[in-house]
Amino acid sequence: MAALIALPWVEPDKFALHVISLIAIASIAAMGLQVLLGYSGQLSIGQAAFYGIGAYTSAFLTVKLGVPFPLALIGAGVAAAIASLLMVPITRLTGAYLAVATLGFSIIVYLFIKNEEWLTGGSYGFIGIPRAELFGYVLRDPRSSYYLNVGVAAIVYFVFARIEGSRFARAINAIRQDADAARASGIRVTLLKSECFVIAAFVAGLAGSLYAHEVRYLAPNDFTFWKSIEILIMVVIGGVGSLAGAILGAAVVVGLPEYLRAIGDYRMLVFGAILIATMLFGEGGLAALVAALGRRLCAVAMRLIPKLPASRKAAQ
Amino acid sequence: MSTAAPGECLLEARGVTRRFGGLVAVDAVDLAVRRGSVHGLIGPNGAGKTTLLNLIAGVHRVGSGLLRFAAQDITRDSTAKRARAGIRRTFQNLKLFGEMTALENAAIGLHAQTHGGFFDAVFSTPRHRREERSIADRSMAALHFVGLAGLAQARADSLAYGHRRLLEIARAIVARPALLLLDEPAAGLNVTEAAHVSDLIARIRDEGTTVVLVEHHMDVVMRVSDEITVLNYGRRLAHGTPAQIQEHPAVIEAYLGRAAETDRAQA
Amino acid sequence: MGALSLSQFIDLVVGGLAIGCVYSLIALGFAMIMRATNIIHFAQGEVMMLGCMCGLTSLWLLPALPLPVVIAVGMASSGLIAVAMELTVYRTLRRRRVPIMNIITATVGMSILCINAARIIWGSEPLRFPELFATSAYEFGGVRISPQLFWIMVMGVAIMGALQLFLKHTPTGLAMQAVAQDQEAAQLMGANLTRMMAYTFAISGMMAGAAGIMLGSMFFAFFEMGFITGVKGFVAATLGGLGSIAGAMLGGILFGLIETFSTVFLSSAYKDGIGMILLIAILLVLPSGLVGLWHKRR
Chain A
55 MAALIALPWV
65 EPDKFALHVI
75 SLIAIASIAA
85 MGLQVLLGYS
95 GQLSIGQAAF
105 YGIGAYTSAF
115 LTVKLGVPFP
125 LALIGAGVAA
135 AIASLLMVPI
145 TRLTGAYLAV
155 ATLGFSIIVY
165 LFIKNEEWLT
175 GGSYGFIGIP
185 RAELFGYVLR
195 DPRSSYYLNV
205 GVAAIVYFVF
215 ARIEGSRFAR
225 AINAIRQDAD
235 AARASGIRVT
245 LLKSECFVIA
255 AFVAGLAGSL
265 YAHEVRYLAP
275 NDFTFWKSIE
285 ILIMVVIGGV
295 GSLAGAILGA
305 AVVVGLPEYL
315 RAIGDYRMLV
325 FGAILIATML
335 FGEGGLAALV
345 AALGRRLCAV
355 AMRLIPKLPA
365 SRKAAQ
Chain B
335 MSTAAPGECL
345 LEARGVTRRF
355 GGLVAVDAVD
365 LAVRRGSVHG
375 LIGPNGAGKT
385 TLLNLIAGVH
395 RVGSGLLRFA
405 AQDITRDSTA
415 KRARAGIRRT
425 FQNLKLFGEM
435 TALENAAIGL
445 HAQTHGGFFD
455 AVFSTPRHRR
465 EERSIADRSM
475 AALHFVGLAG
485 LAQARADSLA
495 YGHRRLLEIA
505 RAIVARPALL
515 LLDEPAAGLN
525 VTEAAHVSDL
535 IARIRDEGTT
545 VVLVEHHMDV
555 VMRVSDEITV
565 LNYGRRLAHG
575 TPAQIQEHPA
585 VIEAYLGRAA
595 ETDRAQA
Chain C
23 MGALSLSQFI
33 DLVVGGLAIG
43 CVYSLIALGF
53 AMIMRATNII
63 HFAQGEVMML
73 GCMCGLTSLW
83 LLPALPLPVV
93 IAVGMASSGL
103 IAVAMELTVY
113 RTLRRRRVPI
123 MNIITATVGM
133 SILCINAARI
143 IWGSEPLRFP
153 ELFATSAYEF
163 GGVRISPQLF
173 WIMVMGVAIM
183 GALQLFLKHT
193 PTGLAMQAVA
203 QDQEAAQLMG
213 ANLTRMMAYT
223 FAISGMMAGA
233 AGIMLGSMFF
243 AFFEMGFITG
253 VKGFVAATLG
263 GLGSIAGAML
273 GGILFGLIET
283 FSTVFLSSAY
293 KDGIGMILLI
303 AILLVLPSGL
313 VGLWHKRR
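Residue numbers (the numbering used here), protein chains in the order written: chain A, 55 to 370; chain B, 335 to 601; chain C, 23 to 320.
To be clear, the hints were calculated from the coordinates, so they are not data collected in a lab. Keep in mind that this is a model prediction, so the values were computed, not measured. A hint or two may mislead.
Across the chosen pairs, the derived CB separations fall in these ranges [claimed, not checked]:
1) A:Lys68 x B:Ser458: 55 to 61 Å
2) A:Leu139 x C:Trp82: 38 to 44 Å
3) C:Ile142 x B:Gly484: 18 to 24 Å
Reference listing, derived: stretches of chain B covered by chain A, where coverage requires no fewer than 3 residues with Cβ under 8 Å from a Cβ of chain A [as the list claims (entries may be wrong)]:
4) 418-428
5) 432-443
6) 448-455
7) 461-469
No residue lacks a Cβ here, since even glycine has one placed at the ideal position from N, Cα and C.
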């Protein structure tokens, strides 16, 4: 935690801070999908729709209506959440059928964004989005926007971490494992599944708004099926079910290509392969890998450290 | 949970029928379950016992007929709605939440009795804290009741088969339902474990829960049931006390007749 | 808008039937794989695209190649690619008994792999097919039909007819049907599961390849063509009744007509949206498709 706060002072490279901002923004959307996929077991490949709705709403509110940024941020989340209510009937579905329905929904949203030029600028893009502004202070440099983006990501992380072990978490976990058994215990399955969609949509909308004010230019091509897949890849690579994994996944998916320009064009190819590999070789993802590594290190440390006082005792 | 005087009919099925394609699984069956009793449901394989149980639980829609629970018509109600009204069940093939601990499995049974949601959890409201404590206590009590207290923190899919059956029951009774539907709770258990389940069912009844018991273990059914209904080929064949059923000529024929048929076929 | 003239109407019908044949072939693939393995093969559209690309490449190498050979090349390549997918990835996942969601996610990954491999190999520009058909319209009793659309329909029907014959009247075809209905029983009867699964993927791949060539010659070929058309093929399969082969064929034709006629009422920019709305509507209202409706009525 302290490391995150101190980082911009240690590594003031503007590009690095910008990349970390993008990672933070992506991780917010990924954490939302984690609630959907990892916690309640609903595969949604349409999160880009809410991401896009959030981005364009925030842009519209600040540029066309002069709404101050904090309100626009919340407004973006709310707009995405309201749009997700359209998905409520779809939450009756399960498995691949649900996935395809979310895909269909996101395609409709994409078409809307692309064609309604009067609202979104269509293929010409939405330009001139102002920088984020908090209480009159314009976030002019990468360092300030770093704090904003990482800050929001941290808040989202802590909010989601709070629900662990609660009645709500148990219920959606139960739905994921056996929806019929959940029903037999009186759980309102569709209602809870819908709740998860609304939550995931809201944070995706927040992420979209942050994105809009970070890159300050929106084009429909940023919000296609590929964006949804990217978010899915973040969750899968990081580890389905792990909140920290979503962040790790975001770091890999967003961060790696920025630093390995050689990958560039092959980016999605590599990610497709990693997706398949993760399914073949274990779904813990990076989070499980890191956890396993951590355990190994601890075990090794345990063996080394007692040697010191023990050997001293033996010498006595 | 519901209001019906003891001895009165808590669950009533009238002329309940259910078809699957061309097969009539349950054929105009009448059933009257008295409050505070253990009502056994037996019959040869394929008689329609589990289907009838599923109809009561709301898994299948009734084709024709009427279901009344505590004087309310529940024929069109969903499974979750019936569960909230006080009808809980176990499954023949065990539907536990394998990745959760025994305690968490039991806690699921209390979901409908509590209200705390997403925001309560995030802000740790008084309601949230109060409910979580109550849930933990009552879940533990349920595990205690079935004899699994020592395994509360064990993952459900790591438990031995006999313990999994007990956990399934614990989850179903933690909310003190008015009506408990048990679908072959003793299936695959040895003699000692089956006897433990019989005692458990009797204790559940003594606590005030009415039980409908579908079971193949005859010793369990005969020992613990107050009344028994026998089904054959989807129709009600007989109804009475265990003693009466054991002497009932049609029942004996149904079971023995089947055995004789199989013997003849194999000869 | 006004009323349609007869010739406009005929054009729409012919266009709808032609694209419907394409959708049917893709839908067939979805249905066969769904019946055999219970998964939605997200990469089916990409199999179609790769078949199209291979066919086009063969035309570049040998420009004088006659149409039936091009189609055969396309079908063979897509069939092989589909089998490769099955033997390397899907079979391994099934053997490991991973949850179904993982297999579906793997097919999504496969889809991504194929699309990007195609982009690297063939570039991101749309590619035109050379003229494969006569240019002047055929005339049937006063009605004029474009030869391209005519032959696409003929070939589509021929291929689907051949498939039906194969499935119903050859030992292999019957064995495949048996495996789709009950794996254990079929194995006890002596069916080689691995081989049958491979055949299933091979045939559905071949169907997709034929569809790809048809689609490519109607419009153009590009690396992402499999994506939206694949989804539409899935819509068609669901409309007919997922898991039913006859349903897939019916659903494809029907959806082709619906989509083509919808351009009369809607701006073409939202044409793809029709399919998506139809998909969601079917999943919610009539999940077992038209075939399911027919069964219920009996």
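What are the numbers of the hints that this structure violates, sorted from low to high?
As far as the earlier hints go, 1, 2 and 3 are violated by this structure, in ascending order.
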